[in-house]
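*Asks:* Chain residues, written in single-letter form:
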Amino acid sequence: MYALKWKEKICATCPSADCLLKCQYMSFAGHDEAHGEMMKVIRGEDSRVLHECATCYACEEYCKRGNHPFYLISERREEKGLFTAPRPITNQWINMTQMQGKCMAGAVKDKALSCCFIPDLGILGQGEIFKDVAPAAVFGAEYMCPAVHTHFARMSVIKERLPKVIENFVKLGAKEVICLHDECYGTFTAIADAYGIDVPFKPVYYMDFLLSRMKEMKDRITPLGIKVAYQRPCSNRLIPDKYPLVREILDLIGVEIPDRVYQGENCLCCGEILRSVSGYKLADDVQERNLNDMVASGASYCVFNCPACQSSLSEKVAKKGLKPVHIIDLCKMAIGEKEREVK
Amino acid sequence: MRDILKALVEIVGERGVSNTPEELWFYSRDPGVLTPHLPDYVVAPRTTEEVQKIVLLANREKIPVVPMGNGMSLTGLVIPLKGGIVLDMKRMNKILEVNAMARYAVVEGGTSQGVLKAYLQEHHPQLRHSIPDAPPTTTIAANAALHGQGRLTQQYGFNSEMVTGLEVVLPTGEICLIGSPSLGPYWFSRGPTMPDLSALFLGWLGTTGIITKIGMRLYPNKKIRDVELFVTDRVDLIPHILYKLTHLEILEDVNVWFQPKPLVFKGNYHITLYFTGDTEEEITFKRRMIWDTLQEYMDSKDGGFMSVQYMKDMLMEMPQRGIADFADVPKGGGFEYSGPITIIEHFPQYAAKVVELAAKYDVLYASSARLISGGHCMMFSISFAFNRNDPAMMTRVKHALDEATAFALEMGGIPWKPNFMEQKMTMEKMDPNALKLLQMIKKNLDPQGIMNPGNWEVNP
Amino acid sequence: MTYVRTIEHADIVHRCFRCGYCKFPSDYVDFNCPSYKAFGWDTYSPGGRMWLIRAWLNDEIKSSPHFAEILYSCVACDNCKTQCVFPKFKDFIPDIFQEAKAELVNEGRIPPEVRDYFKAIAVNGNPYKLPQSERGKWAEGTGLQPYVNQEYLFYAGCVGSYDEVGQKMARSVGKLLVDAGVSVGILGSEEACDGSEVKILGEMGLFTKLAQENIEQFKGKGVKKIITLDPHALNAFKKDYPKLGGKFKVFHYTEILAGLIKNKKIILSAYPMKITYHDPCYLGRHNQIYGPPREILKAIPGVEFLEMHRNSLNAFCCGGGGGNFFTDILGTGEDSAGRVRIREAMETGARIIAVACPTCAKMLSDAVKAEGLEDKLEILGIAEIMERARTK
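First to last, the protein sequences are chains A, B and C.
Using the working numbering, read the first sequence as starting at 1 and increasing by one per residue.
Using the working numbering, read the second sequence as starting at 1 and increasing by one per residue.
Using the working numbering, read the third sequence as starting at 1 and increasing by one per residue.
Keep in mind that a hint or two might mislead.
Straight-line alpha carbon distances no greater than 20 Å define the calculated SDA-like cross-link-like pairs of lysine to any residue that follow [what the hints assert, rightly or not]:
(1) A:Lys-102 to B:Lys-261
(2) B:Lys-117 to C:Asn-311
(3) C:Lys-119 to C:Ser-133
What follows is a set of in silico ranges between Cβ atoms, one per label pair, in the way DEER data are often shown [claimed, not checked]:
(4) B:Val-9 to C:Glu-60: 21 to 31 Å
(5) B:Val-227 to C:Gln-288: 27 to 37 Å
(6) B:Gly-267 to A:Asp-198: 32 to 42 Å
(7) C:Gly-141 to A:Met-104: 52 to 62 Å
(8) B:Glu-428 to C:Glu-60: 33 to 43 Å
Simulated from the structure, these hints should not be mistaken for lab results.
Where is the CB? At the ideal position from N, CA and C, for every residue including glycine.
Starting from the given sequences, assemble the full structure and let the hints guide the process.
*Replies:* Right under this line is the structure:
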């Protein structure tokens, strides 16, 4: 079984304890308390962190010293038999994402276009932008990054399934896997690395692909001239170096992202997982603050990266007068492939 | 024989009667597992007077008459066990009146659920009726006649309790108005404060007369409907959860269901909770009450709310089209269920029985219980799918269903829309004096024994 | 030796639960299956047909005139396929009906009206038993030229070529195309039946022959793009001909006319009128072309466009499909599709029912007469309405 690569010394000597001090869902009196709680986690002792963590993934980004606080918290929770969410919800996710041989794989040569296990991605990954890779689309539990189980502190599921997923891609002969789901890329890079799982193909982040394609199609772009708010997904915390791509892509298609409070490191969860894990009070509060902040920024669109965030927030942002749209669809709008009015 | 056909043609015209092999074959069966039996004629009346004439003829000639809506009870209630006339009521499908202020509708005896739904949506969007999840072709009168349930049954009781008046052709041919319409033009009460004569026709499965008009209560159609889905893997908690939920008095409809496939549903019991409001505030308030009342189960990690986003359209649909899809799981066009009415306390025992029967008879199950009248009881469906091309599987399903009914009776439950065999089992267990009363009523109303014979038959 | 019946989709027939969703439109407002609406027996509904076909394949019922009537009363409107709740086999329901009819053809147990139709097509090349030499007469005075390498072939079809109502429609389309300067030609007396109805009625041999001859002719003349008057022909050209090697770009005339209006090649002046539109099944449900006819009507200044309750995907058939236009098995009773549709159109307050299919035009014109509404309602092809807006 794979094990988390973890260096206790890095934490023991941490001068900032940012992993917990910056947390938006738990509060600590100061460095000493936060650091103390994290050390309890490390030593395998009980800590309130193990009961209160909302699983937003953010500490993976807050830690600048190369350790993996979130994975460790999740490991410890599982070791102690703690459930983040209700047991039937946790098991539902495990059952639902089991490989049953019901996957779909297109004609993969060197490249595969991963639609994870999310039907919406199959539609997003079509059209002019993806014309060369769309025939190589793959979909299904067999190709799904199992990162979602970190929300439920079931790291064992990840350790068991991720190597199989990787093997499935290898079987297809893929040398490059373009990941349409942020989380897949995060899994094949950050999580696989943290557990020492070998990834014998090159994971490609879809926003890198999108940016280069949009540059190629520069002549076809009509600047959209709109202001948007961006909903950063939890899994982007695993790959913070990729965050700037959003601005680059939006710049290219004439879209402005006015500054707002809950952006970048300070972004808020879409609320879907919070609802399962902590109940509606926290989820409602987070969504309300997030959405009001979007409105206050002067945005007219809410741009999504993750289809799960989009599903959770679309109706709600629409009620606030913002138009929900995936960043890929926004690019399709810029090249005239999609109507500007979105549902 | 020729004379009877001729007489029928005289009553309903050439297009209203058939004795061709095709119609006889089709009207000899329903989509369930019971053995078909051929009728001699299929007749489709258009008016009450035609129904009356048919019944008078049937009396004269001593021919059985089996009234039929869409024939979707699945338990063979429209199979003409002793031949005779199957009376397809669906051409009597007019909506006669909607009294919006008194919130009732009067429709003809063959009017379908779907047509009333569409009519109200267009002409009275502030009103709705308790639409069942059976296909929209099923009829309002037949549903009431077998004590059907609908989307408002949790709040307001069996759909048969919503009846506000009847026009019935008695087995002896008299046209009889029941309830307030027997005294005046209004269809607001099926009986009270007089003796409730509607009970002579509801639950009798067409053995005491033919409903040609029916008044039904309508209810407010709130502007917003919403749904939450609570799941738990502990069946023992279900009665307690339901008790707490019904205490809220805010739920439109509550269904508890479990099925082994697809895998997302494996191992869990799902409680679908519908609630309504006229404003977002009302909806939010109700949602919070629902969550708050179940907080203890979330704290103990025994239960939680699952995301309904992907299923919402399907769950909100009325009727739910997806329900019929269960029939195609074994790729064979069939399912049938036993749906006893029982107390909520017994949910765990019934749930165990479903799984036991499915394993014993090697058949696919799905189960769904609907709360009735704020939790006073529930309809617990023990549902098995089958392949119509596999007679052995159909026999296994039949045995499993028989055993389910025997179990329900043992547990003190009441079989719902029982087939003729289940009716016998029920009558055997019934208090003898109640049975005598039943027999007395039946004999007096139908002295010739022509109405849907073989059903509720005390001394066959 | 006993004859063993079989059809291609025999393995699916038993999967119908006959729940009856197929009888309705999506909002359940009324029965949307024309044969069920007309006859009222469950046997005449799609589910009834499925169950009977199974019984017939199992030899529980025999081939009979009544069984044939049940099958041939189906108008192939595709409402059942659209509404069926079983996603895994719903698409094959109309195929099953057609295969069963083909099997009846093989057995020689078809209704006389159907047999007469086949005979007329086989012998005369059209159901009207009129001379082939008269096939192109309708085009006189339109300015339409014989097809010689023009961009488009305008295909009129049997109804457009021979029926009075159809001819009027074809002429108005022809004139508009010519006036707008479209490079278009016709086959005139060389045009042959497209075979769409032959196929749906189950005469597969005759259909294949007609289709192959047409394909050969089209190819021989270098036809690449076809404009059809009749949605039935459009459907056959789009879906059946490619399987026989005939791949053409096929358009319905409303698509072309809508484009000409958009590109200002046709200018319309005011025509103040209340108009509703009846979707032909073969244009709408079969080919998902709902927009262009509506765009045209909405582009006419002064037109008040009114939708019928059942429209687009839920439109109620005129009753002419599945060969019923010729065989008339559905009949002309009060509940026949055309008359029901006319009453529905009346509810909108429209004075004109716009149609986009010559079969619908004929069926609905007859139904207006049967309902005694000639002075209240007019049936007009989309192009005929456009002509009025050009001359006013």
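*Asks:* Which of the stated hints cannot be reconciled with the structure, identified by number in ascending sequence?
*Replies:* Going through the list in order, the structure violates no hint and respects every one.
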